[in-house]
Amino acid sequence: MRRFLLIFLFLAPLVSRAADTGYLRSLRERAQSQALADDPRWRVLLHMKKKWGGRWESQVDGRSFFLSPIGKTDAGAELDATLTAFFEPPPASTETLHPQSLFPARYAYLKETLGFDGRRLPEIQSPRLEKWRNNLDVDGVSLVFATAYLNNPASMFGHTFLRLHQRGTSRADPLLDYTANFAAVTAETSGVAFAVKGLLGGYPGKFSTHPYYMKIQQYNNMENRDLWEYDLALSSSQVRRLLDHLWEMGPTYFRYFFLTENCSYQLLPLLEVADPTRALSDGFSWKAIPVDTLRRVLAEPDFVVARRGRPAQLKFIQARRALLTPAERRWVKQTSRSGPLPSDAGFPPERRALLWEAAYDYNRLHHKFRRYGPPAQEARERQLLLERSRAPGPGPDVSAAALATLEPPEIGHPTGRVGLGCGRGGGQGFEEIELRTSLHDLTDPSPGFPRGSRLSMFTVKGRFLNETHRASLERGTLVDIVSISPWDSWSRLPSWRFFMGWDRARDRSKRPAGGSHFTLNGGSGLSVETSGRWPAIFYARADADLGVGGVFRENARVGLGGTGGILWASSPRLKISAEGGAIHYAWGQVDTVTRWTVVAGWSLFDRWLLRTEFSRAGVYREGLATLNFFL
Amino acid sequence: MKKLLAIGFVAAMIPSLSLAKGGNHPMAGCGLGYVLFGNNDNKPLMQIFAATTNGTSANQTFGMSSGTSGCTEDGAVKFVKVVEIYAEINMKDLSRDMVNGQGEYLSAFARLLGVKEEKQAEFGAFVRANYGALVPSEATTSVDMLNALADKLAGRTDLLG
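Protein chains in written order, with the working numbering: chain A, 1 to 631; chain B, 1 to 161.
In short, the hints are calculated from the structure, not lab data. Quick caveat: nothing in here was measured; it's all calculated off a predicted structure. The beta-carbon is built from N, C-alpha and C at its ideal position, and this holds for glycine as well. It is possible that part of the hints are untrue.
Restraint-style ranges between C-beta atoms, simulated for each label pair [to be verified]:
hint	chain 1	residue 1	chain 2	residue 2	range
1	A	Ala540	B	Ala129	49 to 55 Å
2	B	Glu117	A	Gly22	34 to 40 Å
3	B	Lys152	A	Ala327	47 to 53 Å
4	A	Ser531	B	Lys152	47 to 53 Å
5	A	Arg330	B	Asp158	40 to 46 Å
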């Protein structure tokens with residue numbers, strides 16, 4: 001007793017008044033003898049990953065996440081410090097979080113593996129943590145995939161987040177559930193700045209929780225993206241662990257890396273904490289594309305138990321429009337004109353509910369789904385709603401028709417592509433190798449990807465020239481986006497293109513290895529889709545082009561011009577893209593250059609694509625055939 | 001409890017509304033004032049819930065932007081503000097469902113108000129029939145609509161559980 005008192009007096013200022021240092025020491029020893037510091041379950045709680053050279057380091061960058069000053073690199077030191085902190089006396093205010101409630105998942109893990117004695121290490125309840133748990137009241141988790149949104153570089157590859165199912169609500173009734181989302185924290189609105197800083201880890205990434213209706217408003221409604229939900233087989237104790245760990249993640253941050261440690265990657269360790277038998281986060285050390293992380297989760301046996309698609313609002317609008325006769329469509333358009341509303345008297349009563357709903361659709365779409373419009377628009381929307389409330393019956397349910405247009409993202413081809421081929425250009429033969437890290441091209445097989453889209457980032461194309469026996473970089477793509485959306489007078493989506501990278505100005509140099517320069521070009525236009533026996537998309541756009549490099553007089557050229565093209569899929573296996581255009585360079589190297597390209601992509605069998613390409617720029621012509629493999 | 005909430009949200013909202021009109025007071029309707037009166041430039045509403053690193057107290061587990069100060073506790077919407085925020089963010093889609101007398105935005109709204117499960121259809125018919133009174137003009141805000149609805153519901157307590 002006296003000895004205990006002595007130790008007590010001696011350590012009081014160091015640890016705490018009530019801390020049982022003997023018990024702390026024995027727990028530390030037990031943790032050491034059980035080698036808990038090397039337990040994968042402990043490591044994943046700390047987000048430890050093995051670096052080159054075998055050293056372990058946590059991906060978490062927030063200081064407060066580590067209780068030991070060397071915790072980021074030393075799981076054992078962090079374990080010791082965590083145990084020590086658990087012995088701290090209860091905080092004076094219930095608003096202050098004790099280490100046990102700051103790190104509830106660590107606490108639960110250590111309590112389970114070391115068998116804490118509640119008399120010697122009192123458990124401290126936190127009303128805040130309890131309240132949070134009760135507020136969310138989660139009994140299941142789904143992984144949610146938001147399809148690509150090409151108009152924002154942060155969303156081009158799609159996005160994933162978790163839906164936290166509230167107990168007692170239907171899976172088909174999502175609005176009031178919560179979501180857990182990881183995102184870069186920034187007020188940056190410039191896409192280019194975001195992309196550059198995002199690549200280099202210049203933003204902190206944080207977890208946040210939002211009501212699902214906010215995500216639905218943002219993705220489904222404003223950005224017109226489909227959502228896919230994948231229900232995960234997690235027991236209630238696993239769900240509890242996931243939430244406890246999410247709570248630990250809330251105050252801290254990770255450096256956000258657009259390609260690797262991004263929104264969709266960071267969900268994987270969270271799922272590993274929930275179910276430690278699944279190693280989901282390995283193999284994404286150089287790229288983590290949302291659909292790849294989804295496929296990783298889907299590949300896990302008995303993990304995904306159900307799938308649900310939730311179409312974008314635009315799909316519902318289009319499905320309702322499809323029910324209208326031409327005369328009814330004309331009437332709907334009249335409702336957006338100023339002046340008095342047209343009357344619905346000319347239509348049978350059972351059509352009126354649909355007509356007023358379509359009119360509301362059309363007006364909302366016309367004003368880009370704005371929450372606050374000018375008074376005249378708000379007044380018109382209110383009038384339409386009032387008329388709708390007077391029309392008899394419920395409107396038609398178009399959810400089945402909207403759902404029928406969806407394709408689940410995982411059916412798409414793998415996101416990487418490697419191609420080998422040979423060709424002839426400028427009178428010389430060559431071999432070519434192309435490595436594309438992502439994602440899709442106009443002539444790649446289209447299921448699972450936005451139609452009429454190309455999204456390529458970090459693609460290199462090298463050539464070996466047979467006569468000069470020289471290898472050279474043919475093209476280095478940083479970003480290459482093509483978005484071709486058939487024009488329709490309701491949704492009014494433009495068709496556009498953007499390219500940034502190194503290319504060859506074939507019109508400037510007859511030498512096969514010449515003409516290398518940096519270029520930035522893009523343009524916007526319209527496209528129309530024809531139906532019937534030969535469904536094709538025709539497009540036209542205005543282009544601007546900037547080239548910088550020694551191949552030009554004054555080292556640059558700037559020009560304006562136009563491009564027209566056709567996209568045609570003769571069958572799901574054969575897709576052809578042809579385009580041609582001219583650009584007049586008025587500044588720097590003054591010139592007018594015409595170009596055309598015809599590409600055919602044959603999907604031979606699963607994951608193999610044969611591509612033939614003929615192109616001309618100025619007087620230079622070339623033909624090329626490559627065999628491509630998706631991986 | 002939920003019935004109390006439905007009736008009680010009128011009382012809860014009146015002070016927040018008057019504060020909001022006095023400017024963007026930090027406590028103005030838990031940031032709803034920001035949504036209603038400060039956000040005239042049509043920025044996506046989601047921004048009010050965007051997490052930020054600065055301006056969050058170390059005490060909060062999940063950071064939220066200053067626009068929502070007071071709206072959330074550790075990243076979850078405060079219970080008494082749930083109806084307000086839901087109605088404000090979903091106003092356009094909720095309105096569509098209200099005049100249709102059915103739909104997921106309306107049924108989630110009804111659940112928040114504590115409408116009995118078996119009275120959902122009746123509640124739908126009720127808001128549909130009263131739409132003109134609930135949203136009397138284009139200047140009607142979501143808070144105005146909620147106040148009007150609370151008044152109307154006071155005569156229809158049979159709908160609430």
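Here is how each hint holds up against the structure:
no.	hint	verdict
1	A:Ala540 <-> B:Ala129: 49 to 55 Å	holds (51 Å)
2	B:Glu117 <-> A:Gly22: 34 to 40 Å	violated (57 Å)
3	B:Lys152 <-> A:Ala327: 47 to 53 Å	violated (38 Å)
4	A:Ser531 <-> B:Lys152: 47 to 53 Å	holds (49 Å)
5	A:Arg330 <-> B:Asp158: 40 to 46 Å	holds (45 Å)
Hint compliance for this structure: hints 2, 3 are broken, all remaining hints hold.
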